[in-house]
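There are 2 protein chains.
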Amino acid sequence: MADYLPTEPYRGTRDFLPEDMSIRSQVFERLYEVIESYGYQRYDGPILEPTEIYETKSSQEIVEQQLYTLTDRGGRRLSLRPEMTPSVARMIAGNVSKLNFPVRWYSHPNCHRYERPQRGRVREHWQINVDLFGSSSSAVEVEFVELVHDMMAGLGASRDMYELRVSDRVLLNAILSEVLEIPDDMLHDAARLLDRWQKYPQETLAADAAEIGLTDKQFEKLGEVVAAGVDVLNDLSQEVRDHSMLMQVLDTGARDLITFDPLIVRGFDYYTSTVFEVFDADPANRRSLFGGGRYDNLIGMFSPQQVPGFGFGMGDVTILDFLRTHGLLPDAHSDVDAVVIATEAALFDTGRLAARRLRAAGIRTTMPLEVRKLGKEISRADRAGARVVIIVGQQDWAAEQVTVRDLVSGDQQQVTLDQVAPAVQAVLEQPAR
Amino acid sequence: MADYLPTEPYRGTRDFLPEDMSIRSQVFERLYEVIESYGYQRYDGPILEPTEIYETKSSQEIVEQQLYTLTDRGGRRLSLRPEMTPSVARMIAGNVSKLNFPVRWYSHPNCHRYERPQRGRVREHWQINVDLFGSSSSAVEVEFVELVHDMMAGLGASRDMYELRVSDRVLLNAILSEVLEIPDDMLHDAARLLDRWQKYPQETLAADAAEIGLTDKQFEKLGEVVAAGVDVLNDLSQEVRDHSMLMQVLDTGARDLITFDPLIVRGFDYYTSTVFEVFDADPANRRSLFGGGRYDNLIGMFSPQQVPGFGFGMGDVTILDFLRTHGLLPDAHSDVDAVVIATEAALFDTGRLAARRLRAAGIRTTMPLEVRKLGKEISRADRAGARVVIIVGQQDWAAEQVTVRDLVSGDQQQVTLDQVAPAVQAVLEQPAR
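These protein sequence lines map, in sequence, to chains H and Y. Under the numbering used here, the letters of the first sequence match residues 1 to 433, in that order. Under the numbering used here, the letters of the second sequence match residues 1001 to 1433, in that order.
Mixed in with the good hints there might be a few duds.
Listed next, the stretches of chain Y that the computed footprint assigns to chain H, with coverage defined by at least 3 CB atoms under 8 Å from CB atoms of chain H [to be verified]:
(1) 1018–1026
(2) 1033–1039
(3) 1110–1116
(4) 1298–1306
(5) 1341–1355
(6) 1406–1416
For lysine to aspartate or glutamate, the following EDC-like pairs were computed, each having C-alpha atoms within a straight-line distance of at most 16 Å [to be verified]:
(7) Y/Lys1221 <-> Y/Asp1231
(8) H/Lys57 <-> Y/Asp1003
(9) H/Lys98 <-> Y/Glu1019
It should be emphasised that the hints constitute simulated quantities derived from the structure, not laboratory data. From the three backbone atoms N, C-alpha and C, an ideal C-beta is built for every residue, glycine too.
Based on the provided sequences and hints, a complete structural model is requested.
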């Protein structure tokens, strides 16, 4: 026996056969449409980037454990992008003098991380990235809050299926230092503790708290802050409130669209004010679907200029999983509307003329590649999802006509070549049942 | 001075800022539309593949000089795909029992090759791949000939701008062995000589011919074959003619769509019959734009089954260059139709309501993020390419109205929130001048 190479894709990556691809495309095209309705412009960049741009800014976990890195034949160290943000920061920095800020950009790159494959974790995923650069106005936050809700609505999700939870680094730091009186050098550890709050039992958290140096009283108070939710903000000074983007959002009509949640911390170090996450509201499946926030100096490693920004990334695995759980996945599209069947080889060129007319009218049309029994070809057309067959037979064609048959109703009619496209179009516009 | 990282993309790769991305997207969306009008289904696959699938089948040049290869943390050797064909062969082989052949598939992957960057050569390019698997009928050739012409027409190219040149390995081998009496073990070298025919002067070719063992007479005859074009086929035996896909195509109406050219050899070893290339017809720029052909055992490294196929790849660099040369590049699209301007912060929530109505109607709408002078905002909207501004001012809004202004005609009208989307739509449907 010969040795054959395996046909599975590399572990943690996925083949998208046409059916899966149709679903993925439909989901993301809906999202593109919503994002573009907000005036965002699509961009794209290389998948290989100099490794340094990740070493400078990405999380330690990414750099030390998850990066796919290679050295090219010229000795340059390159990595497959694990996230899009450093790339877009590089592009903004490189074009900062010719861009008219604010700019609204989005992209849909594939990103690679070396992960242990498991539910919701893959090594190559497709992530929509949406960013607004060049504005420090809290109107940016409002725009993103509305955009996120419209994206979820575009996917068919109703408001009870998910929650948009927000926090703010400025508020969080103020709560920790003003209300809990935690010293500055312990803020980072305390924030990490909040980030872990819902994932671990109280005893573990208490032990962690003790380890980072919190008193029992501070730990208790932290629990009260978490329980108090938005009310905790009442205790903050006016100066903090003025400085917080989120407080300004809470003064607008957008306040009803968000839930304040001090537990939203997010892992990346670059967020400087508002942070948000969208959660599946299903109690059995309470996962973060995606999130993002405000960063005030993202391009710092490339340029002395300060360009504030706000953005988020939404990965395909998590969102497709959410849609599946809630019964919102679209069906795969059929890829053919009409099949032109020539009943004998001599009529093949005539069939091609008919197919040509149909395609020119935007009707997706195939022709069988060999002459087989008519009944068999009609069944094949039906199975392939075609609504119409166009039969090119000797007798009809002697009168310069072809037969158009609606595979749903069974109705058929003889038409000339000039009439074939309008006749098929008319059938396609009729409801399937 | 601080040290900043460079903002250029990795050598041989490209950033697509929104303007470039708009052009690339428009060009390829036209191609997708044409390809889908033939019933082809889109698929996708991972960018990382096991290195072995290239070592087995790709050209020596790719494997030894051009592959980007890395070893993952589990010790697996992986490569960034240099071409899509091995990936699609893997997918077909892995799903051969559940696919309904013939299948028509297309994809649009980015591929990586370590090349010395120069005109038309980059290290990351985007390549449309179109393949039909599972049919040995010459109707496949006819379908591809028509598809290629329709793709070029879809890009705005007229028939005089390019040439579709075809040959056939079966015919080529027969010409070399029957007409030129070249022995079997020299066929490969003789084919390579033809491949180089137009790129080198006669003396170089003559020297090469001598080196591979051709007689002067055979070399002279080779020149006659090249000069004779399609007439050379008259000298071939009926058996060869029956066995050649291309001869069958020349018996159909599609014969007028192609030019026989024995110099079309193509580098890859896997083509087994028809091969074609599309050339720029501009004498100053006589380059191959893209090409492909028939392969009869592409999945052989993955499976004992034989699945014949036909396909081609079309890269973005060459085709965009062709379109640029012929003045066919589309303009970048504007990314916004309407701008909603609230004249004071208190009216911001009202402006959002108007923007919401517009976006729900599919109108791409932005809102300024701060309140600035109205005239200044209107100029910004105009520069951004918006056709309409919607002004939300104190006085209008007291009467529950907003102002819709056409930035082209200067006409404006007061409408209620319910009327704002239809009113803007009506303006957008009017010609720009």
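*Per the coverage rule (Cβ-Cβ under 8 Å, at least three residues), is the stretch 1018–1026 of chain Y covered by chain H?*
holds (count 5)
_Verdict on chain H covering the stretch 1298–1306 of chain Y, where coverage means 3 or more residues with a C-beta closer than 8 Å_ = holds (count 4)
*Given the hinted pair Y/Lys1221 and Y/Asp1231, is their alpha-carbon gap at most 16 Å?*
14 Å, holds
*Apply the coverage criterion to the stretch 1033–1039 of chain Y and chain H: a residue qualifies when its Cβ sits closer than 8 Å to a Cβ of the chain, and three qualifying residues are needed.*
Holds: 6 residues of the stretch 1033–1039 of chain Y have a Cβ under 8 Å from chain H.
*Within 8 Å of chain H (C-beta), three or more residues of the stretch 1406–1416 of chain Y*: violated (count 0)
*Examine the stretch 1341–1355 of chain Y: at least three residues should have C-beta closer than 8 Å to a C-beta of chain H.*
holds (count 3)
*Does H/Lys98 pair with Y/Glu1019 here, judged by a C-alpha cut-off of 16 Å?*
12 Å, holds
*Are there three or more residues in the stretch 1110–1116 of chain Y whose C-beta lies closer than 8 Å to some C-beta of chain H?*
holds (count 3)
*Keeping to a limit of 16 Å between CA atoms, is the pair of H/Lys57 and Y/Asp1003 held or broken?*
14 Å, holds
When each numbered hint is compared with the structure, a violation occurs for hint 6 only.
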